[in-house]
Amino acid sequence: MKHLLSTQDLSAADAIRILDTAEEMAAVGEREVKKLPALRGRTVVNLFFEDSTRTRISFEAAAKRLSADVINFAAKGSSVSKGESLKDTAQTLAAIGADAVVIRHWASGAPHRLAATDWIDAAVINAGDGTHEHPTQALLDAFTMRRHWARLHGTESQGTDLSGMRVAIAGDVLHSRVARSNVWLLRTLGADVTLVAPPTLLPIGVEEWPCKVSYNLDDTLEAGVDAMMMLRVQGERMNASFFPSTREYSRRWGFDDTRLRALDELGLKDTIIMHPGPMNRGLEISSAAADSPRSTVLDQVRNGVSVRMAALYLLLSGDTRETVPATTPSSKESH
Amino acid sequence: MAENTYLIRGAAILGGDAEDLLISDGVIAARGGGAASHEAAGDAIVIEAAGLVALPGMVDIHTHLREPGREDAETVETGTRAAALGGYTAVHAMANSNPVADTAGVVEQVHSLGRASGWVDVRPVGAVTVGLAGEQLAELGAMADSRARVRVFSDDGICVHDPVLMRRALEYVKAFDGVVAQHAQEPRLTAGAQMNEGAVSAVLGLGGWPAVAEESIIARDVLLAQHVGSRLHVCHVSTAGSVEIIRWAKSRGIDVTAEVTPHHLLLTDELVRSYDPVYKVNPPLRTEADVLALREALADGTIDVIGTDHAPHPSEHKECEWAQAAMGMTGLETALSVVQETMIETGLMGWADFARVTSTVPARIGRLEDQGRPLEAGEPANIILVDPAARWTVDPYKMATMGRNSPFKGRELPGAVIATFFKGHPTVLDGKLNVPYRHPETAGAVSGN
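If you read the sequences in order, they're chains A and H. Mapped onto full-length UniProt numbering, the consecutive letters of the first sequence carry residue numbers 1 to 335. Mapped onto full-length UniProt numbering, the consecutive letters of the second sequence carry residue numbers 1 to 449.
FYI, nobody ran anything at the bench for these hints, they're computed from the structure. No residue lacks a Cβ here, since even glycine has one placed at the ideal position from N, Cα and C. Honestly, I wouldn't trust all of these hints.
Stated by the list, open to error - Have a look at the derived ranges for each label pair, beta carbon to beta carbon: (1) Leu223(H) to Asn280(A): 43 to 49 Å; (2) Pro244(A) to Thr346(H): 48 to 54 Å; (3) Pro278(A) to Ala133(H): 40 to 46 Å; (4) Pro163(H) to Asp118(A): 44 to 50 Å; (5) Gly105(H) to Ile96(A): 47 to 53 Å; (6) Pro163(H) to Ser11(A): 48 to 54 Å; (7) Gly69(H) to Gln91(A): 27 to 33 Å; (8) Gly253(H) to Glu222(A): 54 to 60 Å; (9) Gln91(A) to Pro374(H): 54 to 60 Å; (10) Asn280(A) to Gly69(H): 43 to 49 Å; (11) Ala95(A) to Lys398(H): 29 to 35 Å; (12) Glu296(H) to Asp118(A): 38 to 44 Å.
Just need the whole structure built from these sequences, with the hints factored in.
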């Protein structure tokens with residue numbers, strides 16, 4: 001792996017390698033001295049074209065725990081006329097000697113442009129691009145689910161996948177980079193994914209995705225869910241006729257107290273409730289749900305640092321060995 | 001030897017039998033057996049054209065020359081050099097310059113620049129509305145009566161979406177045999193649109209440009225054209241559904257013509273997966289099914305003509321994020337080859353059909369009397385010679401256009417323009433630019449090049 005741009009092209013072997021490495025990194029986070037010397041002398045730039053304090057500090061903590069030098073570059077200019085072009089910014093970072101660029105951008109595909117052009121030769125990590133992907137969020141979600149799934153099966157997480165796990169993702173799928181990255185990665189890891197959303201907030205073409213689609217959250221819960229992920233509803237959707245009102249949205253697609261009780265009534269005692277944050281309490285998730293023992297919201301934040309450490313470590317540690325194919329070599333004839 | 005007399009020997013006329021063509025004083029003096037023995041042939045410069053196809057000079061109904069205003073993207077001089085190299089003898093220069101070509105003064109300026117350059121006929125397209133703002137009709141009559149003799153009117157790049165304004169424009173241009181060329185794009189359905197809406201946009205997270213936004217405007221406009229009894233031209237048709245509506249309109253006798261770009265005949269939205277803005281264009285690249293429907297429609301006459309929508313942009317408008325990038329592709333120097341690849345090599349068309357869709361009908365739509373004529377004695381000598389057996393690899397840096405934004409970069413394509421005769425004068429010889437034609441009023445001027 002040279003870059004981490006998307007989960008769509010991530011093989012199962014690479015995904016599991018990142019998650020396993022993250023487990024090792026998590027152990028570091030539990031020590032009194034939370035630091036490894038692995039990336040000493042390497043420079044990681046957090047290039048943020050869009051505000052996201054949560055993601056930025058998570059990457060910053062991850063890089064610092066690996067002893068990398070961290071530069072935070074908040075490039076708020078959002079148009080060619082107002083600010084420096086992405087090309088000039090990238091070439092500037094190359095001249096400064098960046099080894100990795102963690103890029104957050106409002107434009108879908110901006111990390112791909114950095115990786116595909118000769119503007120900069122650094123490792124590129126996509127920290128969320130437009131409405132396209134947010135691969136480290138999906139990896140931290142998968143990490144959180146995998147720990148839960150392994151615990152339920154009485155095994156260690158290391159080396160396992162999410163085979164058989166039923167995951168529902170509810171909310172604004174159309175504009176969600178988190179949903180896209182999760183659909184691809186969860187499928188790769190063997191989970192059974194259902195998207196739940198108003199039809200207005202599902203993209204045309206979703207029927208070709210490797211998942212089920214439902215317009216009804218209650219039906220989805222009744223069918224059985226092991227992890228329920230709620231997506232944030234962005235403020236700007238509320239006045240664009242995607243749904244009639246926030247109250248109607250909340251009643252039909254929010255994880256409210258009634259649905260929290262329904263989990264117990266349906267006998268789904270081990271179902272976890274996830275949210276990538278920041279939450280709109282009372283809209284897509286009720287406070288009781290967000291604060292319940294089922295909620296993994298803070299675990300997700302904690303695991304985010306471990307997963308990002310793993311990604312930075314694998315991209316920058318000089319470990320350039322080729323990806324091991326996911327298939328098991330069974331005979332010598334294949335040579 | 002007489003400088004203005006050329007004997008083309010053994011060219012396959014419209015891809016048919018090999019015949020001679022004698023060009024003298026700007027017209028075809030003779031065709032066939034009598035050409036070599038014609039009295040003017042003795043002094044003629046002989047061009048051996050065995051293996052080459054002779055076609056009428058191509059006429060582009062849809063070109064962006066960018067001058068005045070964006071001379072960093074293209075000028076009339078560079079754009080018409082590209083046109084000549086691409087086999088064109090006439091282009092229609094779109095109105096979205098700065099200032100907009102919405103007055104007689106601007107269209108006359110563009111017309112004059114074209115005559116001064118001398119590579120092709122430059123026919124300005126007039127804006128339908130003042131400043132392309134979609135609010136008030138521009139002085140269409142003044143542009144029609146100007147020295148530029150504008151017959152095609154378009155707000156291209158922007159749809160005349162107000163149905164009343166579109167109706168009035170269609171009605172008004174009847175007074176001078178004009179045509180409204182519509183960029184069919186419902187604006188509310190395409191707010192923030194970045195690419196075709198479908199399976200690929202869903203994955204890429206790019207704002208969708210749904211086919212219905214094009215089709216609904218075309219449906220409305222053909223009904224308006226029928227109601228007011230006017231002539232409508234649909235720019236760059238890009239969807240299978242649009243083809244169905246135009247086919248229906250023609251079957252009802254509605255006076256509608258339609259164009260398709262070479263890029264929509266070859267490329268699909270799968271290319272957008274690269275996020276390389278060289279593939280960003282409006283209307284967007286569609287699906288394989290759309291491409292096949294467009295080819296079929298061009299072959300059966302539902303779509304009348306090829307329009308390049310040649311849209312050069314400076315590199316900084318493409319070397320950026322997809323969402324930031326300008327829409328548009330260059331096309332003048334690749335059009336012939338792409339049409340050969342998609343229509344002729346596939347067996348859908350012959351060279352006579354090629355002449356119809358690239359010359360005869362576009363000249364008729366634009367009311368260009370001297371263009372798109374048969375290759376017969378007495379006709380204006382706007383002729384190209386094409387080597388259909390040639391193959392070449394597209395290199396945008398070797399093109400005459402200032403735009404480097406060719407979506408065909410690196411592709412191997414068939415067919416090469418060997419010579420272009422504009423008014424009997426070779427603007428292109430041996431596949432290279434020769435010297436421009438000098439119109440009488442510029443004959444004494446010294447070329448700045």
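Status of the hints after comparison with the structure:
no., hint, in the structure
1, Leu223(H) to Asn280(A): 43 to 49 Å, "holds (46 Å)"
2, Pro244(A) to Thr346(H): 48 to 54 Å, "holds (50 Å)"
3, Pro278(A) to Ala133(H): 40 to 46 Å, "holds (41 Å)"
4, Pro163(H) to Asp118(A): 44 to 50 Å, "holds (49 Å)"
5, Gly105(H) to Ile96(A): 47 to 53 Å, "holds (51 Å)"
6, Pro163(H) to Ser11(A): 48 to 54 Å, "holds (53 Å)"
7, Gly69(H) to Gln91(A): 27 to 33 Å, "holds (29 Å)"
8, Gly253(H) to Glu222(A): 54 to 60 Å, "holds (58 Å)"
9, Gln91(A) to Pro374(H): 54 to 60 Å, "holds (56 Å)"
10, Asn280(A) to Gly69(H): 43 to 49 Å, "holds (46 Å)"
11, Ala95(A) to Lys398(H): 29 to 35 Å, "holds (31 Å)"
12, Glu296(H) to Asp118(A): 38 to 44 Å, "holds (41 Å)"
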